[in-house]
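J.: Going down the list, the sequences are from chains W and F. Heads up: the first sequence begins at 448 in our numbering, then just goes up one per residue. Heads up: the second sequence begins at 3 in our numbering, then just goes up one per residue.
Because the hints were derived from the structure by calculation, they are not lab data. There may be inaccurate statements among the hints.
What the hints assert, rightly or not - With a cut-off of at most 30 Å between alpha-carbon atoms, the simulated DSS-like pairs for lysine-lysine come out as follows:
#1 F:316 - W:611
#2 F:31 - W:611
#3 W:611 - F:321
Unchecked claim - Stretch by stretch, here's where chain W covers chain F in the computed footprint (C-beta under 8 Å, at least three residues):
#4 70–76
#5 164–175
Glycine included, C-beta positions come from ideal geometry on N, C-alpha and C.
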Amino acid sequence: MDKFKEIIRQYPFLGFIIAFIILMLVPSVFFTDLYQSHLASLICINIIVAAGLNIVKGFCGQVTVGHVGIYAVGSYTAGCMFLYLGSGLWLTLPAAILIAGLFGVAFAIPSFRLEGPYLALATLGGGEAIRLFIENGDFFMSTYGISNIPQPIIFGVPFDTPDKYYYIAMPVMLIAVYFSFSVLRSSVGRAFMAVREDPISAAASGINVKKHKMLAFVLSAMFAGGAGAVYAHLPPGYIHPNNYTVIEMVTFLAMVVFGGLGHIWGGIIGAIIITIVYDLTRPLYEYQLFIFGLTIVLTILFMPKGIGGFIDKYFIDRRFKTKTGAASK
Amino acid sequence: MKKINIIFSSLLLAVSLLVTSVAQAKDIKIGVSFRMLSDVGYKHGELIQDTVAEWNSSGGINGKKVDLILYNDECKSEKGVANATKLAYQDNVHVIIGSSCSSVTLPMVPVISKAKVPQIIPHSTSSKITLTGSEWIFRVPVSSRFYKIVQAKFTAENAGTKIAHIYVPDQASMDFSKSMIAYVKSEYGVDPVYEAQAGEKETDFRSYLLKAKATNPDALVCSGLVDETVRCLVQSYEVGIPKSVARVANSVASKVEVPTNAGKAAVGVSYAAAFAASDTRPIAKDFVKHIKKRYGVVPGHDFSQMEDLLTMLKPALEKAEKGFSGDLASDRKAVRDAIAGITNFTGLASGPISFCAAGTPECRDGNRTPVMIEYTKGGKNWKTKVAGTVTFNASAGL
């Protein structure tokens with residue numbers, strides 16, 4: 448077992464290949480209906496956004512409440528490319544990532560001078576401005592939304608049903624998570640954390656704070672843009688400005704906070720749990736928002752570092768107990 | 003002992019699963035995806051629950067219990083799609099009722115068409131929905147393609163063709179104004195004297211209204227959701243647009259909040275809807291009395307359309323149930339065919355509702371009779387008068 452762990456540590460890509468194989472088998476083993484596949488695809492999309500948010504908020508410590516706007520940019524890049532150019536996912540996905548990255552630059556600029564609630568307000572305004580711009584623009588089909596955005600066809604097989612589309616959303620999610628881990632483990636990731644802990648000390652240590660803040664916003668935006676494009680093509684392929692409001696932003700933030708800021712696994716678990724809790728409370732529509740809000744409040748009160756912090760504490764305690772146990776022997 | 007426990011538990015599980023599956027096979031399931039955000043939205047949900055409870059207490063559908071599964075879609079397409087997928091594939095419903103918002107119903111259509119579940123629409127009016135050509139969709143309300151004609155003709159012939167439009171970024175509101183503009187242009191060759199799209203949730207329309215006033219219009223169209231419509235009407239008097247300028251609103255004006263909150267500003271406002279609370283037919287009078295007593299509101303056409311939908315659905319389910327084979331796919335098809343067989347249903351709607359087999363707008367826009375209504379009194383004890391009704395041929399406005 449230890450040898451296996453060592454191999455995975457040396458070759459992390461292997462871990463993702465194993466995860467890919469397991470996740471490929473999940474539907475045939477666990478899913479009993481197509482709705483579960485739809486939910487799984489939504490979870491994958493939410494994980495991509497949460498992983499991206501973790502980069503800017505968890506690793507780099509920058510407050511952003513406008514990410515849903517960039518998510519909308521990704522979706523509408525895909526939607527408009529289909530509408531005006533007839534493009535499919537393989538073209539719209541990279542384009543959405545690139546354009547969202549450019550919007551990330553715009554969102555990063557206020558972070559040079561603002562922080563905390565002021566930065567939150569600036570990004571919130573940015574996100575809402577994007578949505579309102581889309582909603583009022585005939586080019587974006589305004590409040591009619593863009594419909595019939597096609598699903599990809601691979602070797603003649605259309606991935607146009609929830610069960611098939613899962614095999615598109617899941618690999619994209621795995622690539623995003625792998626990339627997120629790579630960033631965390633790189634010198635850039637360490638620089639992000641230095642900026643988060645103390646920007647002045649980081650600058651004194653030779654880290655270009657502005658550059659790294661910019662990079663964090665851009666990388667994070669690229670995740671959101673990619674997720675937006677995958678969402679736009681999700682069957683039945685319909686996007687509408689109503690799906691990119693502040694409520695959706697709060698849901699994304701809840702995933703990251705619930706999972707634990709700065710913990711990639713926490714963000715993933717947060718995205719899974721929040722999406723499932725939201726779904727399970729669907730029949731209790733009168734109390735849904737109350738249950739949802741209560742979950743967030745209780746998490747912040749009793750698990751301020753989220754699930755990630757809880758897991759960290761468990762491992763630290765276990766390590767401490769093992770060491771003290773060995774010492775006492 | 004442990005072995006006995008395991009055997010006993012397994013048996014219990016098997017029996018309960020069997021009982022559940024037998025119960026599921028026996029029940030008829032109706033799924034609902036609906037905007038249940040506002041007070042009135044909840045009341046629509048209550049109306050469905052109460053009606054189905056009444057069905058069950060009086061023997062259900064041919065003796066079978068009806069299971070109702072109700073989800074809120076918050077008027078968001080993402081939630082509507084998720085609800086439709088869940089209802090179709092997980093809850094295995096026989097028929098879906100929904101949604102209130104056109105922007106939600108539209109993306110639900112490909113989902114239910116692929117899953118082959120009949121869907122019957124209580125409120126959404128956008129003509130785009132039935133233009134999808136799905137064989138699984140049925141619309142009880144009047145389509146916007148009929149509303150645009152009747153409202154445009156009524157306004158042009160009674161007020162004039164110098165029309166100012168103010169609309170909000172909402173699909174139904176924009177659809178109403180834009181299709182009315184297009185119709186007036188095609189029929190009378192006249193462009194609107196003023197056209198403005200207000201911002202989302204904007205309630206101060208005075209700058210738009212002042213610009214509209216400067217064009218000296220014959221009619222002013224305020225096309226928005228409830229709050230926007232109310233504010234636009236009230237502020238039109240605040241900025242000094244004279245009473246002689248006809249006020250026009252979209253079918254949202256049939257909601258009770260509009261005359262109640264607009265007060266005197268509601269007087270003279272004309273709108274096209276599928277039902278008028280001032281309808282003097284005994285069936286309509288009884289309905290208004292019943293809704294007032296039970297839910298504490300004077301019903302607009304949202305209530306009447308839901309009531310009509312449920313009233314016509316029950317016999318359709320009874321007819322379909324006789325041919326149920328236990329196979330969900332063929333049972334759903336039987337329900338679809340039974341609904342498609344509804345002809346000349348006379349309920350609360352201003353005209354008969356008929357469907358037919360083809361998945362075309364001609365067959366699936368069941369109600370072709372909009373009624374022109376005008377408020378004669380605003381405030382809590384508001385009153386309306388029917389200015390006229392017209393029944394269109396099936397292909398009008400296409």
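J.: Assess, step by step, whether the Cα of residue 611 of chain W is no farther than 30 Å from the Cα of residue 321 of chain F, and give holds or violated.
T.: 36 Å, violated
J.: Go check the segment 70–76 of chain F versus chain W for me, would you? Three or more residues, Cβ under 8 Å, otherwise it fails.
T.: The restraint on the segment 70–76 of chain F holds, since 4 of its residues have a Cβ under 8 Å from chain W and three suffice.
J.: Against the 30 Å threshold, does the CA-CA distance of residue 316 of chain F and residue 611 of chain W hold or violate the hint?
T.: 36 Å, violated
J.: Verify the coverage statement for the segment 164–175 of chain F against chain W, using a C-beta to C-beta distance below 8 Å and requiring 3 or more qualifying residues.
T.: holds (count 3)
J.: Taken at face value, is the distance from the CA of residue 611 of chain W to the CA of residue 31 of chain F at most 30 Å?
T.: 27 Å, holds
In the structure shown, a violation is registered for the earlier hints numbered 1 and 3, in ascending order.
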